[in-house]
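Engineer: Each chain, letter by letter, is given below.
There are 2 protein chains.
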Amino acid sequence: MNGPLRIALAQMNAVVGDIAGNEHEIAAGIALAHQAGAQLVVFPELALTGYPPEDLLLKEHFLADARAALERLAADTTAIVAIVGYPERAEDVHNAAAILADGAIQAVYRKQHLPNYGVFDELRYFQPGERGATIAIDGVTVGLTICEDIWQPGPPLSDEALSGARVIVNLSASPYAAGKGAAREQMLQQRARDELVAVAFCGLVGGQDELVFDGYSLVVDHEGTVIARAPQFEETLLIADVDPVTVGSARLRDTRRRAPAAQAHDSVDRLGAFTVRGDGDAPRPDSATPPIAPHLDIVEEVYGALVLGTRDYARKNGFQHVVLGLSGGIDSTLVSLIAVDALGPDCVTCVTMPSPYSSTGTRSDAERLAENLGVKLLTIPIAPTMEAFDAALADIFAGREADLTEENLQARIRGNLVMALSNKFGWLVLATGNKSELSVGYATLYGDMAGGFAVLKDVFKGWVYRLVRWRNAQSDRELVPASVIERPPSAELRADQRDDESLPPYEVLDAILSAYVEQDLDAADLVALGHPAEEVERVIGMVDRAEYKRRQQPPGIKITSRAFGRDRRVPITNRYGG
Amino acid sequence: MNGPLRIALAQMNAVVGDIAGNEHEIAAGIALAHQAGAQLVVFPELALTGYPPEDLLLKEHFLADARAALERLAADTTAIVAIVGYPERAEDVHNAAAILADGAIQAVYRKQHLPNYGVFDELRYFQPGERGATIAIDGVTVGLTICEDIWQPGPPLSDEALSGARVIVNLSASPYAAGKGAAREQMLQQRARDELVAVAFCGLVGGQDELVFDGYSLVVDHEGTVIARAPQFEETLLIADVDPVTVGSARLRDTRRRAPAAQAHDSVDRLGAFTVRGDGDAPRPDSATPPIAPHLDIVEEVYGALVLGTRDYARKNGFQHVVLGLSGGIDSTLVSLIAVDALGPDCVTCVTMPSPYSSTGTRSDAERLAENLGVKLLTIPIAPTMEAFDAALADIFAGREADLTEENLQARIRGNLVMALSNKFGWLVLATGNKSELSVGYATLYGDMAGGFAVLKDVFKGWVYRLVRWRNAQSDRELVPASVIERPPSAELRADQRDDESLPPYEVLDAILSAYVEQDLDAADLVALGHPAEEVERVIGMVDRAEYKRRQQPPGIKITSRAFGRDRRVPITNRYGG
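Chains as they are written, first to last, in our numbering: chain A, 0 to 577; chain V, 0 to 577.
Simulated from the structure, these hints should not be mistaken for laboratory data. Among the clues, some could well be false.
Pairs count within a copy or across copies, as identical chains cannot be separated in the list.
DSS-like mimics (lysine-lysine), calculated; alpha carbons at most 30 Å apart, straight line [what the hints assert, rightly or not]:
id, residue 1, residue 2
1, LYS179, LYS423
2, LYS375, LYS423
3, LYS58, LYS375
4, LYS375, LYS179
5, LYS58, LYS423
6, LYS423, LYS548
7, LYS179, LYS58
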């Protein structure tokens, strides 16, 4: 009975609110896992509703619909144990994992550590569970945890391991940030070593509004060795055999565990023992060597997150086609690359909207880029519309110099034009501003900020260059003309404008922004890090004053440890400087 | 020593982040209260930082600055006890009330019930306190609570009363919703009766982004009788004498309290005994009869909230002047009334932007209204700019019918024009859309939705009419031409357009929206309430699909129990219908 336990981790792309669709995917995952001879199949956190469902969790009928779907899934679950994340409506609501076996919902585990920081609001919705839980499958004890439960050392993980679990499963929906996958893997390895237990981590994959879930499901043995790793950013069913015998013998040798094990025993519920492979069973398929997907380089990883986030925002919201303003600058170049990789060149239209201030260099670069990418490029000159606005405002503005007003009008005419294309043809508008600009408010509300999705919302300018260079190097032919990368950045809203005359050089700007926004350092800290006091004060002031603009920007993909928006919640009305 | 306790409640308008400014206001309040002979002066929840400071609370230097200000205030506090709300940085962070007396911070009470629902995120920031607390002032025992602490029956309020408090003070920052003040008063009366204790409630007043705090400070005796009530929406220092002797004798008669009193004793910290009025003191000023401000009619109350919210958003963000598009319709009429009452006619500019579809009726109404209000009216016809856009898009749109695209372009040209006025003159743009329209997406992103502040964001159309009628009736001369109120609503974006041809009549629409948005009812519930199934499905679908628009709208004042935005957090990517 104590042979290897074959576990399938269903790294699925659940859609928030699509209970019927998710149910269908889960049923397919159970069937596939069973065909592959798995005794246990695990789905991600809240797989049945998608994550995060936010205030849908305050609707009784939503919770009832999820329950009904779970019951249908349970009825079809035989000869395998399935663990499915769903919101449990009991006396209160719990972030829960249902154990489906023998045609019924056998038991439920409730998440204990509810994150309520950063992008998370779980204490708004859920009552925490109070006890660890294990189940036994063909004699192998399996401990249950949900996402944050395993990020915190100690119970429930430690109690479950001490009271007999040979493998801990984790149902997760872990939002992506650059490098987080590697950090997560290291954490899981350490948990395995600390508790002498194998760990099977099942990650959600897919884009959901501003979040990307990167998947990266893992099986780690009790020595911390990765024995299976799913690729990032793709749906897959990861299957691996876990050997409970070597876990048991390692524990026998580790006598430090005996006293705490006796104490832990009472803190854990035994939710049931299931027999999947009886004596009369057909021989199960041979175990294939589980895949160990390679780690991605960090630039490739970020690029992958942006592609998946863009594809899923478009597709899950019913858009077949996207449109973006292509200026010939580096930002719109990167967005066009991502859009083509996300949706294919036939589903991307670019539009260039030259003004009298547009240089021939940027215009010809935009044309060449569009040609290289194989996307359609529309051209709409804006000078006549600029003149119409100038005429409309001439009396009211009489005697005043041209200033930012006229620059913003150009950007807003372009915003109107891409929105008109969106309205007429049903295309999703991709906004192209980067995080450095949006941080300091160097962007026009309803102008270049207009759109349905802001692909680079959380991407600093330095990263824009890194990503374009990396993507360009992947191609065996020219994608991006060299002049796009080499030309000094300019908004081209007046003659001879250069961004670095209004702003510090991007390397300096990005460093200040990262320290201020992500680490909450104050001006004195930043000066102590070697930044000039005057620049620090100016940048911080610009960030604080631009909050009102960011509040109206489209959603975009979080890739840093602290994105603007739900992740960094600051008041608009705020007299605190820094 | 057991004479009446004179309590001053400083109903102040704290500004978020303005620690120096709030410190100055608090110092002034302490001085005034002392002059009036008060022994105790109470300030609202987080008065020193403003409420809610959101992620400013994650900055060490912000917390340190608040502490430094508190220490300065304490040093100057003598011959009176002051209770000041501030964020306490201890091993963790607490929503706290500092007791300042005899020139020092004497003790701190920590809020126990931390709201994390609706607009609140307090579990993101604070560790709850664990024990009730009392202080004694000239022999009178006073119990301490902060906001939510008193909304929940039981401890700490009950423990404090049982263990001797004759009066409970509450430091509050309670966001306004229509009718909430009356409900709050009733709750406080019941707490007083239940626990045989006087209650002194000190409410924050002022606008902060989407929230309005309505003040409405109260003193209630132990029988639930209101003995002092501050007006809503105004700063004031409310002073009343509370008689501890009658509280004590009432308790002596109520023998039910004896057993629980013995138990409660150990759950409450005695934070100190202070002597304010020694034998040698100068006679204190006579107590004036405390004011009992009348309850406002609900329409007047909502109007007051909108005026205060608009004034404070403008002023606290440094705007002297606002601009809005005046169409001659009912929504922009109401916004112009509110703007004039908030800032005065000299600080309001209206702009009418007629198109070929604008009727002479609405145009002349706009002119008459502006004249009646004494505000400047600019006129900018948009037909030439419409033609410029049409020409720019003619090739690309060739062979396609005019549709919503062209309607949206008109709205966006107007949006650009008001934004150009804002850029050129530094005016704040007030958007004029109402909640009914914004719920169903009957509004143009970057068009009529453009602006810095959306005054009617949470005001249903039916309420727009009620508010205009009410405000009109307050004036002894014509403010709003009758035709504005009587004309069927129309966006006037094409010939003979009428809103009620695209939407259900507003009475029906508002009823469905209120039930769906505020009460989370589903389609079946709504049909059971008597609404036609087809209309219910259509409206719910429109609400769900318009989430992406609302995410980009300007902030606006919450007046219902559930405003869009922080109060109702739903995903954009969401396949759950209803």
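Engineer: Is the C-alpha distance from LYS179 to LYS58 at most 30 Å within one copy, between copies, in both cases, or in neither?
Structural biologist: Only across copies: LYS179 and LYS58 sit 23 Å apart there, 33 Å inside one copy, limit 30 Å.
Engineer: Within a copy, between copies, both or neither: which one fits LYS423 and LYS548 at a CA-CA cutoff of 30 Å?
Structural biologist: both (27 Å within a copy, 17 Å between copies)
Engineer: Please sort LYS375 with LYS179 into within, between, both or neither, judging by C-alpha distance up to 30 Å.
Structural biologist: neither (36 Å within a copy, 56 Å between copies)
Engineer: From the Cα coordinates, with 30 Å as the cut-off, is the pair LYS58 and LYS423 best called within, between, both, or neither?
Structural biologist: neither (35 Å within a copy, 46 Å between copies)
Engineer: Can you tell me if LYS58 and LYS375 fall within 30 Å by alpha carbon in one copy, between copies, both or neither?
Structural biologist: neither (44 Å within a copy, 48 Å between copies)
Engineer: With 30 Å as the alpha-carbon cut-off, assign the pair LYS179 and LYS423 to within, between, both or neither.
Structural biologist: Result: close neither inside a copy nor across copies, 40 Å intra and 45 Å inter.
Engineer: Indicate which option fits the pair LYS375, LYS423 if close means a Cα-Cα distance not exceeding 30 Å: within, between, both or neither.
Structural biologist: The answer is within: 16 Å in one copy meets 30 Å, while 37 Å across copies does not.
When held up to the earlier numbered hints, the structure conflicts with 1, 3, 4, 5 and fits the remainder.
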